[in-house]
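Residue numbers (our numbering), protein chains in the order written: chain V, 1 to 437; chain P, 1 to 233; chain C, 1 to 288.
Bear in mind the hints are in silico, worked out from the structure with no lab data behind them.
There's no promise every hint is true.
What the hints assert, rightly or not - Pairs of lysine to any residue residues, derived as SDA-like cross-links and limited to a Cα-Cα distance of at most 20 Å, are as follows:
id: 1; chain 1: V; residue 1: Lys-213; chain 2: V; residue 2: Glu-187
id: 2; chain 1: P; residue 1: Lys-15; chain 2: P; residue 2: Asn-63
id: 3; chain 1: V; residue 1: Lys-425; chain 2: V; residue 2: Asn-330
id: 4; chain 1: C; residue 1: Lys-158; chain 2: P; residue 2: Leu-101
id: 5; chain 1: V; residue 1: Lys-288; chain 2: C; residue 2: Met-235
id: 6; chain 1: C; residue 1: Lys-109; chain 2: V; residue 2: Pro-380
id: 7; chain 1: P; residue 1: Lys-90; chain 2: C; residue 2: Leu-8
id: 8; chain 1: V; residue 1: Lys-381; chain 2: V; residue 2: Ser-393
id: 9; chain 1: P; residue 1: Lys-150; chain 2: C; residue 2: Asn-181
id: 10; chain 1: V; residue 1: Lys-288; chain 2: C; residue 2: Ala-73
id: 11; chain 1: C; residue 1: Lys-109; chain 2: V; residue 2: Lys-381
id: 12; chain 1: V; residue 1: Lys-213; chain 2: V; residue 2: Leu-236
id: 13; chain 1: C; residue 1: Lys-184; chain 2: P; residue 2: Ser-134
id: 14; chain 1: V; residue 1: Lys-76; chain 2: V; residue 2: Glu-99
id: 15; chain 1: V; residue 1: Lys-381; chain 2: V; residue 2: Cys-434
To be verified - For each label pair, taking beta carbons as the anchor points, the in silico distance ranges come out as:
id: 16; chain 1: C; residue 1: Phe-5; chain 2: V; residue 2: Val-244; range: 19 to 25 Å
id: 17; chain 1: C; residue 1: Glu-110; chain 2: V; residue 2: Leu-139; range: 43 to 49 Å
id: 18; chain 1: V; residue 1: Asp-422; chain 2: C; residue 2: Phe-5; range: 57 to 63 Å
id: 19; chain 1: V; residue 1: Arg-339; chain 2: C; residue 2: Thr-157; range: 39 to 45 Å
id: 20; chain 1: P; residue 1: Gln-128; chain 2: C; residue 2: Leu-102; range: 35 to 41 Å
Beta carbons are placed, not taken as given, at the ideal position from N, Cα and C, and that holds for glycine.
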Amino acid sequence: MSKSNNNSIEDPRESNKLGRRLVLKTGLGFGAAAALAPVLAACSSDAADETSNTGSNDTATSPDGTPAEATGDPIKVGYIGDLTGVLAQQGQIQLNCFELAVKQINESGGIGGRPIEAVTEDTASDSAQAIEKSTKLALEDEVVTVIGGITSSVREAALTVLPNEKIPFFYTTFYEGAAAGATACDEYLIATGQIPNQQVAPLVPYLSENVGKKYIVVGNDYIWPRGMTEVLEELLVEEGGEVVSSTYFPLGTTDFGPFFKELADADADICWVTLVGSDQDTFLQQYKQFGATTQIVSLSMNDDIAATNPEISEGVITVQNYLAGIESGNNTKFLEEYRAENGADTFPIAIGEGAYNSVYLFKGAVEAADGSTDPTDWIPKLSGVSFDSPSGSIGIDADTQHAITNSYIGKVGADGVIEILDEEKAVVPVVEGCILS
Amino acid sequence: MLNIENVVSGYGKIKVLDEVSFSVGAGERVVLLGRNGMGKTTLAKTVVGLLPLWSGSLSLESNTINDWPPYRRTWDGIGYVPQGRGLFPKLTVEENLRMGLYGTRPRTNSIADEIFDYFPVLGERRNQAAGTLSGGEQQQLSIGRALVGKPSVLILDEPSEGIQPNLVASIADRLKSLAVDTGLAVLLIEQNIDAALRFAERCVFIDNGTVVHACSAEDLKQDESLVGQLLGV
Amino acid sequence: MDLLFSLLLDGAFLISILGLVALGLGVINNLLGITNMAHGEFIAVGAYTVVVLTDQGLPYWVTLFIAALVGMALGVLLESTLIRRLTDRPLDAILVTLGLGLVMQQVLKEMFGSTPRSVVSPVSGTFDVAGLSYPLFRITIIVAAVAAVAATFLFFTKSSFGLVVQSIFQNRESALTNGVNAGKYNRLAFGIGTGLAALAGSLLAPNAAVLPTMGAFYLAPAFVAVILGGSKRLMGAVAGAAFMGGLEVVIGESFTRTWGRAGVLVLAIIVIRMWPEGLLREPKARVA
């Protein structure tokens, strides 16, 4: 369009002739050309964004009724996660789910007509890398929000950067909430994973009733496992249970031999495992070798691990906001589409579903804010957005900016399938003293 | 036999030898004399292949050996007794000698008895670790090991260093008779003039990396002032 | 009493694997004069070989030997194509092998994915000693590792190959001028080193999550073990590994497991400062 403008300044008659000829040749009527014009105009100026999106549906549709490809100015969304290192497997699934949501949204009209452009960065479970990559996403890529994160150390590191740049961070992994000095209340933190009152609080009474109240703890040595032990100990005060001992191993440990003597001495009912990534696999393997029989409760057990290594995962109890065994139409569709992208025998996991949900919640909030990507416009809209997620209808709690989710207690069967034993609907997150709204 | 032509070489980037040329004929015993730091050891290491040749040419018999690795030169007839003896201190005397067998081509698997004839002490100390031998014994082992490799030319770098004078003379005599008996060519690098003259037929003086004088051993014996002049003693 | 037993057994287990890793690293370091930063990836190669072959139904004990051979063959191949160009360039060698390790990691990731794999222990059951129940399989691992170290030791001291290797250890220049084609031995020595790493990986496979990055846990202490062991003695690396492993278990028991890891590395730095020639020092060769 700007080119034809230039032409008309130089030689109006020539340009007119050319224009008419083109229109005749392509056979487009004036009506079609006129319909295209506003879209093209919207592209050229940011100011036009809001007007062009007003009154539009979630899904832009082309005249023949199929969902249109989003064609507007892309919205840049960052992903950070652990794509290498101990948590690479979980990180990859998280990214797969994130990418699935981005793909689905882009194929059905984007966010108010604008496609999402994903920028992916690997933090390798390392705080320094998390800071570096967050800074890169914020300053170099100029993303409008960041989604992802697994370990608490990476979350804390990312939160030293992103709020300063006014970039909201969707953290999608279950974590310790406000325990152990973790950051749980920040106007730029939105959590779609569960916190202890959603994950552990429903689980402990179940265990008291069905297994026992005497716990021995083994975890990795960082903020999440230690925070979870703190929470567990508090909950056990009410339940009349106790934690007899807790041992923490550095990330990447390949020998848990020393723990098994403690386990044998402890005579506990429940072995509470907060080991993450491959450390959990190694632990379960050695657990079996040592012939230990105490009931294992592992907060990072998921369908993927259970299906890959059923012989060592069998019998482990876990609690998650998403399990593949959830029976709902949404979940069936989610599983189908996930597997179409990633392979027939693959499993999405809770932190991945959290990332998937985050993209949709972000879309909902931006659209509710009339297409504005300014966080001061869309963050307040989050609490009004509800999303029919694979794990059920979820929303964001206005005070804490944490997701209101369902909790599913499951146990790994001999075939590596996690059977859902119990569930609690729409558990509201509790972060004491946190009022962001 | 061994031809050294316009050899330029050194350590790292530091040039030590500048256009050195001389040759050692079959069965000939040549001594290379010169003050410390004038390039004698550099020349020996260049000839055996431990230092790269910068320019010039090295040939053994009719072969140009310029880019041959050290072991290949050994296979083709170069024997080397390095300065400091270069023994394998934790291997026994016999094991050290067996290592010499790796230089034989065609490959032989036993140590010739004559080695023990020339150096009887090696037979007596067969199973002792090389590192526990005295300096003189170590020197004999180093020479013996080089001979096990059946060289056609033997290069010895300062073999008299740290050994009692009477033993030096004895070793020099034994080596001389060996060379005469077997037709072995020898290039001896030496500071000890007496031992050198006792042994060699011909002398080459090297100074500042170049050959400054060459003469027969007889000439030197007759004009001892020449030695002082050339070595600056 | 049972604490002592548990410390001993835990220590022995850690040391047996670490010892194999360090021995392989030491052989390469001492013979080729280079540090193999890709050593950890050979551990993973060994472990994945076991994963693949046991999936095919081969018995675990057979796969051990195949894994060691695979590690060795890969080592020989890499030495003859890549490593041999680096013999006299130790700093370049560190960078190149570091890059090689990353490539190997990526290849393993492409081949097997980043999901941890596991191998079922061929020996199940536990035995009870002094009130402590310990897996039988761990004992067989310790025995197998000790046997492998002993075999390596005998090979290096009793065979003619070993004689040459020792001579290269003790005086590389003399070995060359005695007619030893050091390149050939470098190739074999590198293969033996990587074969030992792969063997360690194959012993580890039924004990830990099999991942492309699994070697990282052993690599740092193995490096220190090699430095502690000094450069002139083959078994020095094993002694260094015993020191590192034993200390880690004891500190881990007395304080926290994380401190066990960190403390050992700190102590190792102190030891290296105090005895730079290593734990087993050379008896000085007599010079008259």
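Item checked: Restraint check for Lys-213 of chain V with Glu-187 of chain V, where alpha carbons must lie at most 20 Å apart -> This hinted pair is violated, its Cα atoms lying about 37 Å apart.
Check: Regarding the pair Lys-150 of chain P and Asn-181 of chain C, is the alpha-carbon distance no greater than 20 Å?
Finding: Cα-Cα ~17 Å, so holds.
Next item on the list: Take a look at whether the Cβ-Cβ distance between Arg-339 of chain V and Thr-157 of chain C falls inside 39 to 45 Å.
Entry: violated, 57 Å
Note to self: For a C-alpha distance cap of 20 Å, please report whether Lys-288 of chain V and Met-235 of chain C respect it.
What the structure shows: Given pair Lys-288 of chain V, Met-235 of chain C is violated - Cα atoms ~34 Å apart, limit 20 Å.
Notebook entry, point to check: Would the pair Lys-213 of chain V and Leu-236 of chain V pass a check requiring their Cα atoms to be no farther apart than 20 Å?
Noted result: holds, 8 Å
Checklist line | Hint consistency between Lys-109 of chain C and Lys-381 of chain V [alpha-carbon to alpha-carbon, up to 20 Å] | finding: It is violated: about 41 Å lies between the C-alpha atoms, which goes past 20 Å.
Check: Hey, Lys-109 of chain C versus Pro-380 of chain V, does the alpha-carbon distance stay inside 20 Å?
Finding: violated, 42 Å
Checklist line | Restraint status (C-alpha distance of Lys-158 of chain C to Leu-101 of chain P at most 20 Å) | finding: holds, 17 Å
Next item on the list: Note whether the CB distance of Gln-128 of chain P and Leu-102 of chain C lies within 35 to 41 Å or breaks it.
Entry: violated, 49 Å
Next item on the list: Take a quick look at whether Lys-184 of chain C and Ser-134 of chain P sit within 20 Å of each other, Cα to Cα.
Entry: violated, 33 Å
Next item on the list: Could you check the hint for me, namely that Glu-110 of chain C and Leu-139 of chain V are 43 to 49 Å apart, CB to CB?
Entry: For Leu-139 of chain V against Glu-110 of chain C, whose Cβ atoms are near 32 Å apart, the range 43 to 49 Å is violated.
Check: Is Lys-381 of chain V within 20 Å of Cys-434 of chain V, Cα to Cα?
Finding: holds, 18 Å
Figure legend: structure checked against the earlier numbered hints; hints not met, in rising order: 1, 2, 5, 6, 7, 10, 11, 13, 17, 18, 19 and 20.
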